[in-house]
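First to last, the protein sequences are chains A and B. The opening position of the first sequence corresponds to residue 1 in this note's numbering, with each subsequent residue numbered one higher. The opening position of the second sequence corresponds to residue 1001 in this note's numbering, with each subsequent residue numbered one higher.
No lab work stands behind these hints, which were simulated from the structure alone. We put the CB at the ideal spot given by N, CA and C, even for glycine. A hint or two may mislead.
Here are a few chain B residues that sit away from chain A, every Cβ distance over 12 Å (derived from the structure) [said to hold, decoys possible]: (1) Lys1027; (2) Arg1030; (3) Gly1138; (4) Ala1148; (5) Asp1220; (6) Lys1222; (7) Phe1302; (8) Leu1305; (9) Met1315; (10) Pro1398.
Subject to a maximum C-alpha distance of 30 Å in a straight line, what follows is the list of computed DSSO-like cross-link-like pairs (lysine-lysine) [what the hints assert, rightly or not]: (11) A/Lys58 / B/Lys1317; (12) A/Lys388 / A/Lys307; (13) B/Lys1027 / B/Lys1043; (14) B/Lys1009 / B/Lys1325; (15) B/Lys1255 / A/Lys17; (16) B/Lys1381 / A/Lys58; (17) B/Lys1058 / A/Lys377; (18) B/Lys1027 / A/Lys259; (19) A/Lys259 / B/Lys1031; (20) A/Lys43 / B/Lys1050; (21) A/Lys135 / B/Lys1005; (22) B/Lys1135 / A/Lys5; (23) B/Lys1009 / A/Lys259; (24) A/Lys58 / B/Lys1028; (25) A/Lys26 / B/Lys1259; (26) B/Lys1088 / A/Lys9; (27) B/Lys1005 / A/Lys250; (28) A/Lys5 / B/Lys1005; (29) A/Lys255 / B/Lys1005; (30) B/Lys1027 / A/Lys58.
Protein chains: 2
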Amino acid sequence: MHISKRTQKMCQPALLKYYPLVEEAKKKGRKVYFLNIGQPDIKTPDPFLKAVCAHQPKVLEYQTPEGILALRTASSSYYQRLGLNYTKNDIFITNGGSEALLFTFLSICDPGDEILTPEPLYSIYKEIAAAANVKLVGIRTHAEDGFALPSKDAIEALITKQTRAILITNPGNPTGKVFSKEELNCLSELSVKHALFLVSDEVYREFLYENLTYLSPAQDQKIPEQVILVDSISKRYSACGARIGFIVLKNQALKESIKKLCQMRLSVSEIDQVGAVNLMELEADFFQSIIKEYSYRRAIVFEGLKKIPGVICKMPKGAFYFMVKLPIIRADHFIEWLISEFAYENETVLLSPADDFYLDPEGGKDEVRLAYVLNAKDMQKAMGILEKALEAYKIAFPEMCK
Amino acid sequence: MHISKRTQKMCQPALLKYYPLVEEAKKKGRKVYFLNIGQPDIKTPDPFLKAVCAHQPKVLEYQTPEGILALRTASSSYYQRLGLNYTKNDIFITNGGSEALLFTFLSICDPGDEILTPEPLYSIYKEIAAAANVKLVGIRTHAEDGFALPSKDAIEALITKQTRAILITNPGNPTGKVFSKEELNCLSELSVKHALFLVSDEVYREFLYENLTYLSPAQDQKIPEQVILVDSISKRYSACGARIGFIVLKNQALKESIKKLCQMRLSVSEIDQVGAVNLMELEADFFQSIIKEYSYRRAIVFEGLKKIPGVICKMPKGAFYFMVKLPIIRADHFIEWLISEFAYENETVLLSPADDFYLDPEGGKDEVRLAYVLNAKDMQKAMGILEKALEAYKIAFPEMCK
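Input sequences plus hints: build the corresponding full structure.
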């Protein structure tokens, strides 16, 4: 029997190979700090489960494919509060942000079509692109300058007849990069000039530090037809286990395609939608304490990293990740050693190898991603362990160090 | 900007066009019996919402992409009770049966590949195939002989170098057809001879009448590597609003592909999975009263249809649909008239036009699908209305009648 090439091309997350080693470490009684995944530790706000429990239908029925009216209405109000003029008819509820991305790729690309996206990139983009037979083309950015976009000319040189869209994650995963007004303008101009969609994945929208103002292609009055917002409640409300995402757009022709994709899978979870309505109604002050907490952790991690010789990393302005260049040759080898060999006071850390975040097969070999989703005390401890580990690694494997 | 050809090829359900007319009918004070969709009226069993309310995690977290262990374990027990030897490692939980189908199509077909399936077919198959760039090839069956499969030679003649699988819905939607042992053997032999997957969509598995025994390609010891079961809790437990489906298979290479697709979308709803565990543990006697109820309705509908001159329809053996040939030229015209013009004692019925259920653009023009998902009394009334309606239609539009 034939297994499809498109799924054979897909990759399993590199992280998976470390889990058996984590089990071994735990058996040895070692404590592991998990800095590898973006699973927030913040409590899911009570209104979600309260609404879920209060919802007692006789029959759990198919819901409108585009999403229940109450959730689209609450979402519209949320966007209005951000200054974005999206009505309930501009909003499609999806099974998480990942389905929002899949539907976006399927509706703007045919097999072989291309999407430009800054690299390092959210690794799941690669898998969705493979499943949808879409070619992702990386706009290479670098840790040394905080993952700034290259010049407009350099980006334009990557546009071909097959290019259908530019896709950004803003704030970025894995980089924590927040795009500047100038960078967004540059992408906007290119999307107009070449009739491309501009897809803005903003699932970390609220995670902005240093009092940065929210900036989005959706604010650009010149390109309402071009902009596709991808969104999710997962990070914003610490509700990854509820699968509620959003595609938000003004383009009528594209809406028709998105609607058909929604109809294809009939419905999104009734209960998750009911719970999410209450979350969308939380006011901006809900985020203030959370941002304060993440901001504090971010400072601790940055202090910790600065102390380690040879580490290259600019302070990220958003999301809850650090993309860090380490003074080593191969991050995957270092991470495997960290979890299987190393311990400091019987504790160690798990990091993400960065090669998953690159299209370039040579990209990210000496980089790791680190999520600050543990409390401040644990983050501080984890940074101390990382420092000790790099010292020990340099002695154990001098040939693997820079 | 470019809208993809694949989504432009997709169709909106023909039914949608009637909804504005339904609103008009309601405004006139008319009662409408909705026989058009397979949304069961049976109460969702209490254990679902009880489990949901009892589940009070601090954080709604990403769950294992393949589905939570408790649900895969409970599902394995369910399959063991049916005599199918599937372990928790053979089971993938999906966002409803529709995602199970999408992942199946993506993992066994590359763009341009073909899947054979009896026609009339579940209309969503067409949409999923279009989104996945898969070509569906119909094995034409007919109301006159209860939608029996044609000869083995006739089916084999449809197999090309691009054919990757045979897909059946058993019991069938929209036909209510239950495949015989001989028919299943024929498909099994063809799948072995041509190295095809045999996909069995069994979401109506329990809806078998006349004490029929459950038969499935999954019972065939000769083709464990070939069989892919597609399943869902939607119909079985009257829980369409919970999005819980299943892909069940033994083929190790294909499992790798399915697993990557599951990882691509991270997780299925935590809450829906927790609720579903309890449903999977309901014993067979749970179904007995439901089957009795549907069996009773089925008899009422069949009695009603038999009375109407010119109606062609064999008694379906499973699911909860009748696919009925009416003595008219165009079902869509009749349905539109039913809902916008006709009323009997200020009541009318909404039916599904059958052309959605065909690949053949000429198929089903004189057929409708009718779901018996209302209580017996309402079904009886609805059949009376249909009889009166056909009489009146013949007078109003003799040229549209046979």
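Now the hints, each set against the structure:
Residue-level check passed: B/Lys1027 sits 19 Å from the nearest beta carbon of chain A, beyond 12 Å. With a closest Cβ-Cβ approach of about 22 Å to chain A, B/Arg1030 is found to remain outside the 12 Å limit, as its non-interface label requires. With a least beta-carbon separation of about 19 Å from chain A, B/Gly1138 lies farther than 12 Å from that chain, consistent with its non-interface assignment. Non-interface status of B/Ala1148 relative to chain A is upheld: no Cβ of that chain comes within 12 Å, the nearest being about 27 Å off.
Distance check on B/Asp1220: its Cβ is at least 15 Å (rounded) from any Cβ of chain A, clearing the 12 Å threshold; non-interface status holds. Separation of B/Lys1222 from chain A is adequate, the least Cβ-Cβ distance of about 14 Å exceeding the 12 Å criterion. With a least CB separation of 25 Å from chain A, B/Phe1302 remains clear of the 12 Å interface cut-off, as annotated. Consistency note on B/Leu1305: stated as away from chain A, and its beta-carbon is indeed over 12 Å from all of that chain's, at 26 Å minimum.
Non-interface status of B/Met1315 relative to chain A is upheld: no Cβ of that chain comes within 12 Å, the nearest being about 27 Å off. Once the 12 Å rule is applied to beta carbons, B/Pro1398 is consistent with being away from chain A; the minimum gap is 36 Å. For the hint linking A/Lys58 to B/Lys1317, the alpha-carbon distance of about 28 Å falls within 30 Å, and the restraint holds. As the CA atoms of A/Lys388 and A/Lys307 are separated by approximately 11 Å, the hinted pair is consistent with the 30 Å bound.
Our distance criterion of 30 Å between C-alpha atoms is met by B/Lys1027 and B/Lys1043, whose separation comes to about 28 Å. For the suggested pair B/Lys1009 and B/Lys1325, the alpha carbons sit about 28 Å apart, so the restraint of at most 30 Å is met. For a cut-off of 30 Å, the pair hint linking B/Lys1255 to A/Lys17 stands: about 17 Å separates their Cα positions. Taken as a hint, the B/Lys1381 and A/Lys58 pair is honoured in the structure, with Cα atoms around 24 Å apart against an allowance of 30 Å.
For a cut-off of 30 Å, the pair hint linking B/Lys1058 to A/Lys377 stands: about 20 Å separates their Cα positions. A threshold of 30 Å between alpha carbons decides the hint, and for B/Lys1027 with A/Lys259 the separation of about 27 Å falls inside it, so the pair holds. Of the pairs offered as hints, the one joining A/Lys259 and B/Lys1031 holds, with about 29 Å between alpha carbons and a cut-off of 30 Å not exceeded. Restraint check: the Cα-Cα separation between A/Lys43 and B/Lys1050 comes to about 22 Å, which is no more than 30 Å; the hinted pair holds.
About 16 Å separates the Cα atoms of A/Lys135 and B/Lys1005, which keeps this hinted pair within 30 Å; it holds. For the proposed pair B/Lys1135 and A/Lys5, the alpha carbon gap of about 16 Å is at most 30 Å, so the pair holds. This hinted pair checks out: B/Lys1009 and A/Lys259 have alpha carbons roughly 13 Å apart, not beyond 30 Å. Between A/Lys58 and B/Lys1028, the direct Cα distance comes to roughly 28 Å. Compliance with the 30 Å bound is thereby established for this hinted pair.
For the hint pairing A/Lys26 with B/Lys1259, the CA-to-CA distance comes to about 26 Å; that is within 30 Å, so the pair holds. For the suggested pair B/Lys1088 and A/Lys9, the alpha carbons sit about 26 Å apart, so the restraint of at most 30 Å is met. Restraint check: the Cα-Cα separation between B/Lys1005 and A/Lys250 comes to about 20 Å, which is no more than 30 Å; the hinted pair holds. Of the pairs offered as hints, the one joining A/Lys5 and B/Lys1005 holds, with about 21 Å between alpha carbons and a cut-off of 30 Å not exceeded.
Of the pairs offered as hints, the one joining A/Lys255 and B/Lys1005 holds, with about 14 Å between alpha carbons and a cut-off of 30 Å not exceeded. Only pairs whose Cα atoms come within 30 Å are accepted, and B/Lys1027 paired with A/Lys58 is accepted, the gap being roughly 26 Å.
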